[in-house]
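Participant: Residue-level listing of the chains:
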Amino acid sequence: MFQAILFYTFAAVLIGAAMGVIFSRNPVHAVMFLVLAFFQSSLLWLLAEAEFLAIVLILVYVGAVMVLFLFVVMMIDINVERVQGGLVRYAPLGLVIAGLMVVELVQLIWARSRFEVATGGFAATPEGYSNTEALGAILYTEHVYAFEIAAVILLLAIVAAISLTMRKREGLKVQNITSQVAARAKDRVRVVKMEAEKRQ
Amino acid sequence: MGSLIPQFALDLWNGLPVELQTVVTHVFKIVIVLLPLILAVAFSTYFERKIIGYMQRRIGPNRVGPLGLGQPFADVIKLLIKEVVIPTRSNRFLFLIAPLLSLIPAFATWAVIPLNDTFVIADINAGLLYVLALTSLGVYGVILAGWATNSKYAFLGAMRSAAQIVAYEIAMGFALVGVLMAGGSLNLGDIVRAQEGGITSWFWLPLLPLFVVYFISGVAETNRAPFDVAEGESEIVAGFHVEYSGVAFALFFLAEYANMLLISALTSIFFLGGWASPFEGLTFLGDGSFLREPSLMWLCLKIAFFMFVFFWLRATFPRYRYDQIMRLGWKVFIPVTLVWIAVEALMAWLQVGPWAA
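Here the protein sequences line up with chains A and B, keeping their order.
The numbers in the first sequence follow my numbering, run straight up by one, and end at 200.
The numbers in the second sequence follow my numbering, run straight up by one, and end at 357.
Next up, chain B with everything else stripped away, as it sits in the complex (with noise of 0.2 Å):
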């Protein structure tokens, strides 16, 4: 480290006072986080366009650059040039401010993720109460997006979204609920360092309900087909954000994928043993085969799954009928949860499963 830095490097950084020290270094931690999740966030959008596009026996973008790559920043700049309409007699601060509510829980939520071993943005007691508690403010900018425009249309869909995400919520908490009584505790690390051992010792097998009830509520929870009834295009033209345009429209559009690869890294952290390495078990493979080490890899690659089932889901079924939507929230998935929950109690105290003494 030492030759690589110059000393006057050096000299002025521990000439700082520690305050700023620490301010600088954080920022430098979530940059760090950020500016990879704000690309994955870009190129997303191109690889659900071309998975759908193959799905359906097309080819999807190729135009812009080899392969099409450079899609996602063709259309960046497409709409960062685009003009921002206000409607007339909306609310306009209101209106201007939604898209920041619903893209910064989705961003901050990054914080206590643990990306491996080591680092971690914000490593608190209470990760998972954290997680909890900004996934459940993403729906302020829909209400507030679809009321300050002051529209019929927006409205409806703003409605529609909010009472979604408020029922399914509930189910994604006693899930929760489930995977803190296997991890024993509330920081994400912990969780993870818990399922330790291997594919058939993470939580998904004990917690098998709960992890299917978990990821589908995601997907309700992000608004994604086949739960999108809050854009719902045949009835309702667009939903909450039908008035946006430009740059406004683009800050929602990074809030849903920002939302989508939130969900698939909390799903692979809760249930898929975050960044462990599924071969950890096989002797055979070698002492020092990176297969076998625990590693960031691991955590993409099963990011990168939840990702394609996300856009499988949507290029594979139709959209719910909102009454079934509710009834699948309310009726099955909150007593799913709530019998898994008992059940886990009996396995706990049997000492079956993530509970063997």
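Only chain A is shown next, with the shape it has when bound in the complex (with noise of 0.2 Å):
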């Protein structure tokens, strides 16, 4: 009972977010909208008791992703009207992926019912068991080979993104700040030790 209320609470909030997503007419706004929805969802799935998927969903991409989206957004000057008008064209090509979304979801949902005897609500985890040892047991035993994978394609991507926009310009005045650091107080003051010349 108080389950449900929760998650019909947290569901709604959910959709509003999103709408808020799209409709809101200041970027800034609809960014905000986003982190929102990527909250309530997070809460969804702490209702569902994956409590790993559920907080790192906020570490990555509230925590990381959102605050990089949120500078590009408040950096660049966007005019409003032309991203009004964007809706109005955008909106058939939207409106046919969330279509074929909602076939999926409903696929699925058919497929399972079909096959397994719907329960009422999530099924509760065993007294001390650990979400975040379970997936780390599996990622690293059976699906090894494929983690690893997608680690080195990352890190690939992080090397290409680097390369890709690491430019020296020309005649670039920096400052060398390992020799700052480095320098010492003799390397720039010279202490001269002289004799006091006689009073004339």
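Derived by calculation from the structure, the hints in this document are not laboratory data.
Treat the hints with care, as some may be off.
[Claimed, not checked] Straight-line Cα separation of at most 27 Å, BS3-like style, residue types lysine-lysine; simulated pairs:
#1 B:Lys152 / A:Lys173
#2 A:Lys173 / B:Lys331
#3 A:Lys168 / B:Lys331
#4 B:Lys152 / B:Lys82
#5 A:Lys186 / A:Lys173
[Unchecked claim] Per label pair, the in silico range of CB-to-CB distance:
#6 B:Ile5 / A:Gln3: 27 to 37 Å
#7 A:Val189 / B:Gly53: 30 to 40 Å
#8 A:Arg25 / B:Val84: 39 to 49 Å
#9 B:Ser234 / A:Ile158: 28 to 38 Å
Beta carbons are placed, not taken as given, at the ideal position from N, Cα and C, and that holds for glycine.
Hey, can you piece these two chains together into the complex? The hints should help.
Facilitator: Quick look at the structure:
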């Protein structure tokens, strides 16, 4: 009962936030609505006792990805009028994609309900069961090759992104921080010892 | 217990539905943690001014109340009765909600912090992940404040602070990976329990580089001196909170000090054995000596020590230059943590330190 109330509240806010992403006029507001949507879906996962996924969703998407999004959105000067015009133009494409997703979801639920008995709620996990441990155990044993390949691909993406954007402009005056930090007083100041002059 | 609480109150309590009982006990626990926390924030502003005063051969606040102890309350009342000015052409809603967004994560993280062996509001399996996730949310308050103000100075401050927080968070995360490897659990209570056995078996010794990196990154995360370029009075006036006044400013202030207390508490828990006593192994102190017992007192002392270090740093060091901050974060701290994680793996393999069988 209590869980059901929570579920419907979170789900309603999630849908509202998703609508907000699409319909808000201000791009910064849209980003904040997206953050709210991530939060609500993470709460739904928490209700399903998938605490690892829920927390990682917040950590990765809200804590890192959306911060960079916000950065970019704040820096560029977006013409609100033009963005609003796009909404109508891209609406058919969006509707097609949304329709496809609904069909997929319905298929999944229908297939499940044919082969399994539908349960009222999420299956409760046994006492002392750790989501994180279970995920780690599977990732590092059964799927270790796939996991390693994914890691290498990500590393490759990092290197590629850096090498694509790194460029040295000619005639740019940059400080060599290592040499600045390594500088000692005796490199800059020469202390000369000399005899005091005799009084004339 | 039975004699202390009258029978009708017990009947009333037992008559409540179970869900309501849970809600009431949790709210009670939260209040027990939050009230002392807010008081601690108020008095840490006083101690900061006193400590820095003495370090600079001044007396510090001594006018309000005995020893100036009423100063924090005088400050709070002053801020509460000031007008909150909202700049024209600012984004009113985000402008007002930004201070809350920086305060809420700082308080919410205390939910998983164990105060002693038994008391913790939420004893969850993935406590360390929860801490990481919530500390990464504090940046929203700063960014939104800077943007919603509609001022160039505030925006510059917000950009600086956001880049800084994102950079140092990675080093912090890697340092916590090291703690996780040593503690063998994501639960903060279990991490403290893994450090039993006195000051030499705490994690600060085998994880010394990570300990240093974690605390300095914590200083950078809270935008405190010498990493306070986000406020940089000499360059960008006051950074992201330049247009905030009254209660809204007080909330930012509260969030900053709550974050400092949080970083101090986390550092004590991860590296200095949390509530454990440093003299646990000293048998000559006697069996029942309170000095050997693990208790909340030790955690408070450790937090107080790190708060002192925060103030000490502020009184000692000049502000970092911005590009050097970035260099320190990306090119020094992250490699150091990566190397030490490899060293830790070696230590675990050779079974030395906390991994001794």
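Participant: Does each hint hold? Answer for all of them.
Facilitator: Hint check results:
In summary, the hint linking Lys152 of chain B to Lys173 of chain A is supported, as the alpha carbons are separated by about 26 Å, within the 27 Å threshold. For the proposed pair Lys173 of chain A and Lys331 of chain B, the alpha carbon gap of about 20 Å is at most 27 Å, so the pair holds. A threshold of 27 Å between alpha carbons decides the hint, and for Lys168 of chain A with Lys331 of chain B the separation of about 19 Å falls inside it, so the pair holds. Between the alpha carbons of Lys152 of chain B and Lys82 of chain B the distance comes to roughly 24 Å, so the proposed pair stays at or under 27 Å and holds.
For the suggested pair Lys186 of chain A and Lys173 of chain A, the alpha carbons sit about 25 Å apart, so the restraint of at most 27 Å is met. Distance hint check: the CB atoms of Ile5 of chain B and Gln3 of chain A are about 31 Å apart, consistent with the given range 27 to 37 Å. Remark: the range hint 30 to 40 Å for Val189 of chain A to Gly53 of chain B is upheld by a beta-carbon distance near 33 Å. Between Arg25 of chain A and Val84 of chain B, the C-beta spacing of about 26 Å breaks the proposed range 39 to 49 Å.
Evaluation of the 28 to 38 Å hint for Ser234 of chain B and Ile158 of chain A yields a pass: the beta carbon distance comes to about 36 Å.
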